[in-house]
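Novice: Full structure from sequences and hints, please.
Protein chains: 2
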Amino acid sequence: MRIGELSAATGVDVETIRYYEREGLLAAPARQTNGYRAYGTSHLERLAFIRHCRALEIPLADIQRLLDFAARPTAECGDIDHLIDEQLLKVRARLKSMRALEKQLGELRKRCNAHHAVGECGILHELVAAAHGEACACHGDALSSTGGKRK
Amino acid sequence: MRIGELSAATGVDVETIRYYEREGLLAAPARQTNGYRAYGTSHLERLAFIRHCRALEIPLADIQRLLDFAARPTAECGDIDHLIDEQLLKVRARLKSMRALEKQLGELRKRCNAHHAVGECGILHELVAAAHGEACACHGDALSSTGGKRK
DNA sequence: TGAAACTCTGTAGCCGCTCCAGGGTCAAGG
DNA sequence: CCTTGACCCTGGAGCGGCTACAGAGTTTCA
Chain A
0 MRIGELSAAT GVDVETIRYY EREGLLAAPA RQTNGYRAYG TSHLERLAFI
50 RHCRALEIPL ADIQRLLDFA ARPTAECGDI DHLIDEQLLK VRARLKSMRA
100 LEKQLGELRK RCNAHHAVGE CGILHELVAA AHGEACACHG DALSSTGGKR
150 K
Chain B
0 MRIGELSAAT GVDVETIRYY EREGLLAAPA RQTNGYRAYG TSHLERLAFI
50 RHCRALEIPL ADIQRLLDFA ARPTAECGDI DHLIDEQLLK VRARLKSMRA
100 LEKQLGELRK RCNAHHAVGE CGILHELVAA AHGEACACHG DALSSTGGKR
150 K
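Just so you know, the protein sequences line up as chains A and B, in that order.
Note that numbering that gives the first Met the number 0 gives residue 100 to position 101 of the first sequence, counting from 1, and the numbers run on in steps of one.
Note that numbering that gives the first Met the number 0 gives residue 106 to position 107 of the second sequence, counting from 1, and the numbers run on in steps of one.
It is worth saying that the hints were derived from the structure and are not from the lab.
Since this is a predicted model, take the numbers as computed values, not measurements.
Incorrect hints may appear among the rest.
Straight-line alpha carbon distances no greater than 25 Å define the calculated PhoX-like cross-link-like pairs of lysine-lysine that follow [what the hints assert, rightly or not]:
1. B:K102 to A:K95
2. A:K102 to B:K95
3. B:K109 to B:K89
Specialist: See the structure below:
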C-alpha cells in the first residue's frame, strides 16, 4: 500500500502520516525500489489506533505511551487507567471554562443588536468597562484557564 | 510604571507584554534614559482590555480589529456584533464536540477499573477494536473537529 | 561592596499539524 | 515517443499565543 492509499483508507492526510513517522509514532515502512513507502495492514491498524486516540484528544506523547503498553501485554494496566483519567479531567476542566465562556459571550452579545455608531455600541462599552475594572455583564472570574499554557 | 509593575497590576506576564508590543497590539511605550519601558495608564487600560478579550478567547487578530473600531467611534458597529457572533459560534461548536468527547472518554474509562495485566485491559482492547473498525463504546462520529486546523 | 532582583534584546521551543519549493516517478492519452 | 497530470520524495518554514532561555546591563537593598 502506498502512502496515498493509506491516506484514503484512513482519512489521514499524507503529510500527517509522514509527520507521525518522523515523530516515531508510526514505524518507518519498507520502501519500494523507487523510494516510495510501502505500508502493510499493521500500519493501517496502528494509524487507525492513533487517530482514534487523537479523536479523544489524547496528546501524541500519551499515545506513544499507550502504544508502548500495548507492546508489553503482561505489564500492569494501572497507568493506562490513570492516563485516561487525566484526559477526562482535562476535558472536564476545559468544558467548565467553555460553558462559562459561552455564557459571558452570550451576555455580551445582548448588549448590541442594532446597527449604530461604534461610540454607542454596548459590546465595546462593556469591553472597555472591563478595562477600568468595573463590573461587567459578560465577565465572571474566567481570567484563569483560558487555554494558554501556564507552568 | 515599569514593565514589572504593569505585569503585577494586570497579572499579565512580562514576556507576554513584550510579545503584545512586538505584535502591535500594545503601543510601544516611552523609554527611560536607561532604556527601560515607561508605561502610563493608557497602556494599563489597553492591556486590561486585551486580557478581557483573551479571557473570552477572542483571537489576537480580532482584538486588533476591535481596537481599530474603538479608535473610530463614528463607524458602524455591525462588524463588532458579527465578530462576537462568530466567536460565540466557535465556542458553541467546540462545546458540542467537547461534550461528545467527555461522554466517549467516560465510556472508555468504565472498561477498566481494576489493576490487572495490560493484555486484559478493557481500555486498550477498546482502543484496539477501533483500529479494526469494530463498533466501540467510546467512539461516535467525533473524528471531525478535533481541534486540529483543517482548511 | 556585593548579591539579588529587575530590565534589555534576540532567538528558539511548544503542539499538531499544514503548506510549500524543488525535485523524482509513473501510467494514460495523443 | 512525448507530454500531461497525478502521485511520491526530502527538507524546511509557518500557524497561534505564548514561554523560556542566553547573555548582557541596571537598580535596589543590606
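Novice: Would you mind marking each hint as holding or not holding in the structure?
Specialist: Going down the list of hints, with the structure as the test:
Restraint check: the Cα-Cα separation between K102 of chain B and K95 of chain A comes to about 14 Å, which is no more than 25 Å; the hinted pair holds. Restraint check: the Cα-Cα separation between K102 of chain A and K95 of chain B comes to about 14 Å, which is no more than 25 Å; the hinted pair holds. For a cut-off of 25 Å, the pair hint linking K109 of chain B to K89 of chain B is broken: about 31 Å separates their Cα positions.
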